[in-house]
Structure formats: C-alpha cells, structure tokens
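Undergrad: For the protein sequence lines, the chains are A and B, in the order given. If you're matching positions, the first sequence starts at 1 in my numbering and goes up one per residue. If you're matching positions, the second sequence starts at 580 in my numbering and goes up one per residue.
I should point out that these hints are in silico values taken from the structure, not numbers from a laboratory. Please read all numbers here as calculations on a predicted model, not as lab measurements. It is possible that some hints are incorrect.
Stated by the list, open to error - Quick list of in silico lysine to any residue cross-link-like pairs, SDA-like style, CA-CA up to 20 Å:
id, chain 1, residue 1, chain 2, residue 2
1, B, K639, A, P132
2, B, K882, A, L427
3, A, K46, B, A615
4, B, K639, A, D125
5, B, K639, A, F127
6, B, K729, A, E521
7, B, K804, A, N50
8, B, K639, A, I131
9, B, K729, A, E518
10, A, K46, B, R825
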Amino acid sequence: MRQAVRNYLVFLWRCGRLAFSGDWRYYTWMGALSIFCLLGLNAYAKQFANGLIATGMSDEVSWGVYIANFTFLVGVAAAAVMMVIPVYIYNNEELHDLVIFGKLLAVAAILMCLAFVTVDLGRPDRFWHLIPGIGQFNFPASMLSWDVLVLNGYLLLNVHICGYLLYCRYRGRVPGKWFYIPFVFIAIVWAVSIHTVTAFLYVGLGGRPFWNSAIVGPRFLASAFTAGPALIILAMQVVRRVTAFAPAGSAARLRGEVGVEPRPKGRAATLDDLDLLARHLVEMASVPKEFRQSILAGAIVLEAKAGDVLLRQGETENETFIVLKGRVVVRREEGGRFRITRSLGPGEQFGEISALAGTPRTGTAIAEESSLILSLPVDSLRKLMTAPKMNKIIRSRMSERLLITDRALMTLRSIVQVSMLINVFLLVNEVFKEFYSGNLHVASAKYLFVGLYGHHALVPWIWTAIAFNLTAMVLLVLPVSRSLKWLNLTCVLCIVGIWIEKGMGLVIPGFIPTPLGEMVEYSPSLNETLVCFGIWAFGLLCYTVFLRMSVPILQGRLSKTNEGQPEFGVKGAGEQSAA
Amino acid sequence: MANPTSNTHESVQSPPDGLSRRSFLRSSAVLASGLAALAASLAPLRHLNDFPTVEQFLQKYYKELTPEEMKKVLRRIEDEVEREYGLRPHLRDLKPMNGVEFVYALNLTRCIGCRKCVHACVAENNQSRNPEIQYIRVLRLPHGSLDMEKAEHNYNPEMVPEKGYFYMPVQCQQCKNPPCVKVCPVHATWQEADGITVIDYNWCIGCRYCAAACPYWARHFNFTKPSIPKERLNLDMAYLGNRPRRQGVMEKCHFCVQRTRVGRYPACVEVCPVGARKFGNILDPESEVSYILCTKRVFVQLKEELGTSPRFFYYFDV
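Whole structure, please, built from the sequences with the hints as guidance.
TA: Written as structure tokens, this is what we have:
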C-alpha cells in the first residue's frame, strides 16, 4: 500500500517537473499565457473589490460575455465524446490516440467553465452555499443546481479516465476494463447531459421568449459537435508539430533521410534472450519453457548501434520486433516532414500491426542507442499471442500509441461536416419560426438580426457568424477541405462563427428588449474583456500542461521503467540552454 | 591522509555543486519574480470595500437560524449599520401574520404617472441612490395598447398626465407561482405564508438567474456597494425587508414587510395622491382589495399567459 502511494507520488512529481521544463518555445508560450493569466487576475481583483459594476452588465442585461463563454465552453467539453463514440462503439482505431487528448481538452474546458461562472457571481465568497449537504441546494427545481452537479461530475469522470489510463501506461500495465470502460460509457451520456442542462437553463425561462424554444437544446448540441471537434483538429495538429522533436543526441540522424545501408547484423535467438525479455515483460514469465522453445524458430536477435534502421516506412514485410535492451524510436514521414510517433523501451513491440495485417510499414524504426532487438516472424508472434496473458498485453499495446494520422483528422472532419449541416438547418428553423409568424415575441430576434428601434449593436456580429458558418459549411461539403490547409481555415471559421452565434448571439439578445419593453444595449467593458482573456489563457495553460505530461507518457518516454534516470525533457532543456 | 582525500572529494563535487547553485539561484529568481507579479496583480484587493467578516461568512441560512441565533444576528447587523452610518437602527425579524395573504390592486384609470410612489419606495426601503435602484417602474403607454414595447420609460413632461397616454406602474407582482424562486440555486429567495416573495440578502450568491427568470423585470442587483445618504436612512428595518443591502446581492419589492406585517400600508400606497393604489388581505372578505376583485368587471394580471399568477391586479374604473 505504502509502495503504491509512493509510486503514485513519484509519478505526480515527475509529471509536475515536466510541466516546468521544455525548450525555449515552450517557455515563451507558457510565459505569454502566464502574463495573460495575471492580467486577467488583476482585472478580476478589481471586479472583486468594486463589484460587477466593473463589467458592462446592468439590471437590463444581467448576463454578458462571462455566461456567453461559459455556454460555448460547455459545448466544447461535451464534444470530447464525439471522439470517444467512434473508438469504443465502432472500434475506430485511428481515433484511439486522440481520445485522451479530447478528454483532456474536456477537462480544461470544464475548468474554464467553472472559472467563468465564478467570476460571474456577485458574492463569490458565498460559493459554499452551493455545496450540497453544506449549503442549501435547490435540487431538482433549479437548473443551475443541475448544472453544478453535471459539470463537476463530468470533470471528475474525465479526470478519472485520463488519469487512470495515463497512469497505467506509465506503469506499463494493461488498464483494467472495469476501472474505466463503464466510466467511458457514463461519460458519453453525461456529455450530452451537460450541454442539454445548460440549454435548459435558458429554455426553462417562460418570461424570455427568445430562449423559451424547444430547439435551443438540439441547436446547442449541434453547434457543440461542430466547434468542439474543430478545436480538436487544430489542437491535434499543434500537438503533432510540437511533439515532432527528436531526442537529444541523435537529432540530426533521426530527422534526416535514411540511406539504404544494410540492417544491423543478427544472431539466432536463444532461451536466454527470452529470459531477458521476461525481465521487462512480466507476462512473458508466465509462458512455459516448451512454449518459448517453439517460438524460437526463425527468431533473430539484432545488435543495433545508435542510428541503425530496423524497418522502413512503406515496405511490406512479415517480421515483428520486440526491444530487449536499449531504446528505439519510430519515425513517420508525412507531407515531407518527419515526426517521432513513439519511443520504445525494453519489453515493447513494434512493426506488429503491419506484419499481422500484411500492410506496408507506417513508420521507420531507428535505434536511439545501442540496443538488442528480438525479431520474430509474424507466425511466431501469432503463436505467442495464443498465450492469453501475452495476447492481452500485446493487443493493449497495439492500441496505445500516439499516432495522429491524417485519416483520424479526416474522421473528425466528417463529424464537423454533419454537425455543421444540422446546426445550420436548426438555425434556419429557428429563424423561420421567429419571423414568419411575426408575433410580438419576435422583438429579440429582430434586434439580433436586423436591429430594433435604432439599436443594432449585435447585427454585424450575427451576420459575421452566419457568413462564417455558411462558408464553413460549403467548404466542409466540398472536397477541398480534405487538404489540411483548407480544413484548418474551415475549423477557424466554425469556431469563431459558433462562438459568436452561441455566446453573443444567444445570451445577450435574450435580455433585449427587457421584459418591460425597454431597449438597453450591452457591450463588455475592458476589465470584463481582460478577465475573459485571462480565463482563456488559464484554460490554454492547463491544456498545455496536460499535453506536456501526457504526450511523453503515451510515447513511452516517461514510464516507471526509466524512473531515476534523467528526465528526457528536463535534460534536453538543460543541454539547449547550455549550448 | 585524510586531508588530500577530502580535497579531491571537494574538487570532484564542486562543478555540479556550482551548477546546481546557479540553477537554484535561477529558479529562485524566477519564483520570486512570479510571486511578485502575482502579488502585483492582486493589488486591487487592497481597496476591497465589502470584505465579509468571519461571522458574516459563516452566517447560517435564514430558515435555519434559531430564535437566539436570530437575535444575535439582528444585533450584529444593527452594529454594522451603526458603524457605517453612525445611526442605530431598529431591526426586527417580522414573521407573516396568520390568516393573511396580501394582494395589490392598481387602478389604471386613476394613475397619473407622477412617480411619487417610485421615490417614496426608494426612501422607505433604503435603496441605493448611486447607482440608482428603484423597485417601481412607471410605463407611459399610448391609449389603447398594453404592448410594452410601445412603452416610454423615461418620459419627462412639464406636467402629468399627458393627453393620449395612460400610465402603468410595474413592480414585483408577488406571483403565486414565482419563476424567480424556482430557479434560485441556493433557496436564497422564497415565498412566505402571506404571499410575499422575500430574499435573504445574507444568503444570495449573486448569480442573477432570478433576474433572467423574472418576466416583470422586478429584480434588481447591487452591482457595487449601495450608497445611501445617512440623513436619508430609514431606521425602521426588517431582516427580510429594507435593511441596507450589501454589494453583489439581489433585491426587490417586498410589499414593505417592515410596515405591512405590523398593520401599516406600503409606502407606495400611502403616498399615491390619486388613490390609484389599493392593498390588503384577500382572505378577509371585508377588505378593500376583496371588494375590488369581486366587483370590478375587468382586471388584468400582467403576462397572464405565463402562468405566474400574480397577486398584483390592474383594474379600471369603467
């Protein structure tokens, strides 16, 4: 028990150290975000001291950009499930690696949501009145109390799933299905609930006809499933680019072209080699000796020097590999750029998927240091996988890899595509209902779309949003958005368009005109805007830290086995600053 | 023999030691500048003008206070008011009377739009003068229409009434089915036995969801610390009524609980120069409001279609 706690604390400590180390780009980025955070904190301190008068809100428009951002971000958080569903229900392997990144984005988004709600409170010191059991919790009557429950529940679910999967990966263990699969499915339903509950916050108000419409809930989901995956498409490309650094030492070699030099020399494998493997792969220890003997046929041990190429991208071979000693990196070439997709230590396998499937190699494997590599013909691997424990560990490792492929991004693209079509369709429904019937309740919609009684502050915003959304929709339908450049543009259009439509375009006009017919407009104050920037910077900071910790774990660079050795990132930073 | 060994030891150790000292100095410099930046960004908190005391922070919910605790709280609030305004108020916790349900009736034929009620209300209920908070909003409407989008809120003629218009004062309608109570996440607002919806100003968290839910724009928020000139302070106060509010909480019309629960009329009823405002106990068949609701042929509940069922009725002489 004490050992388990110690291991976990070491894990947290190492993750924490990683968060404070990186190259100059990392420091610049984190420094800039910290400055924005502090500016936001300063603005909030002013608001805390003087009250919400520091914002542009008034009795007439009593919610502003804080709640608008909150609404948008609940959507982003909910959209993380759009990657989980294809993976766990349809077994889409391409998206597998993205699930953790999507869930981490959900965690960051929920943290931002909670921050936005807190800064919107007039008496943040009384937050404890909201805690069930301690305060007075108006459940189930108040939709806001539902929101408190579902948001915090969603946060816990996702923290648990990410934390558990990452820790298992760190320890080199197979995640126990019962420890996370049920939570994954609960989180899917829960994600829909967080956004529906947020929609019901508005829908339930009979005195505000602009919000009191059954279509708001579906519209929220459709726009969330557009903006969320769009954000993830962009974030994943950043991750892909940033994690493409080579480990210190053999940088030039790993980035450059590989020649056609022959493979390192090998010798026939012996039972001793399998014993060596069993030391790093406990599952191997359970394989009986006669069984081990039977897979030695055709098995070779390669003695590789640093920089030796073990397999090449594009080739089709039926050979699979397991690292016995040393370290191997897998490099992938895409669009003329190289990036490291994996770093493998003793006991880990590579080349098995293409060999088992008979498909071309998806990457090039290069020894990072002098290593011993066990090469097994694919039939021997199949045989090895008839041992239940070996089957389990090999299969689980097959799916635990950091591969952000273009195909995965294209799957996300089709989610964005369908969601955007539905979103625009629902918007058309809403606009038709408001304007065709022409009753007195159309005032807010008129104010939003064309202006009312000489007030039209929101008109340019909503038409920008509509233009962005329509352009994005057209681009998504056209094959042109299959190219990443156009897809990125489309994603930016989606995100900005939906942020305006859902934030400024839904929250603010609900208050204009007031229930007594008065026209009072709203625009955020500078202080309020700074608080918003601060919270966004805080969210990005959190997400960057999450990625900084999880990418090395998924790549296999940060694991229990290399505990006590100098951290690769920490060391890398030191070397760079020394140079 | 010992000396050379230790010397060698030191010389071997010194480079990494120096390196770690340098990195220690560097990280402490980073840490110190980070903390300084954090402190600087929190500097505005020095001007905090409404920081809660421990007692205020830990104060229990109104309905959970025992009579003894309530006494202590009342005394504490009196002290707070005295400290701030230099005047000792008379603060009571008035409970609803048995067999009483208050109802308001307003005669639209009589109202001349003079706004005397608005100002009497502000004076009675210690509303903030700057920024200005008013519980009553008088709408000027053109003859023949109840469409509030046609209402003028800021009418300012030489003399009222003006030809071609009628006036409709709107305040909290004390709904039987109040949307504001339903949405409050912390039960800080509720309906009392006499039909008045009240707010525990020490429990409200300031989320303003009730303001979004109210179809009558009756809820008003203290966006900053309210300011009341001390010579204007009304010292006859009730806990759920007109005691001074704090920054960041909601307030609204409460039918002047400090008056009506001891048998007086609300300030707006008393001040009305044309007798357009009527107030009383609907459970008493002899009361003026019972008479009006039984005999007038037409009366209007604002936004009746929302099902809020107001206890505030508008009626006409003819």
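Undergrad: Decide, hint by hint, whether the structure agrees.
TA: Structure-based check of each hint:
1. K639/B with P132/A: Within the cut-off at roughly 15 Å; holds.
2. K882/B with L427/A: Violated - the C-alpha atoms of L427/A and K882/B are around 28 Å apart, more than 20 Å.
3. K46/A with A615/B: holds, 18 Å
4. K639/B with D125/A: holds, 14 Å
5. K639/B with F127/A: Holds, at roughly 13 Å.
6. K729/B with E521/A: Cα-Cα ~17 Å, so holds.
7. K804/B with N50/A: Holds. K804/B to N50/A sits at ~7 Å (cutoff 20 Å).
8. K639/B with I131/A: Since the Cα atoms of K639/B and I131/A sit roughly 14 Å apart, the hinted pair holds (cutoff 20 Å).
9. K729/B with E518/A: holds, 9 Å
10. K46/A with R825/B: holds, 17 Å
When held up to the earlier numbered hints, the structure conflicts with hint 2 and nothing else.
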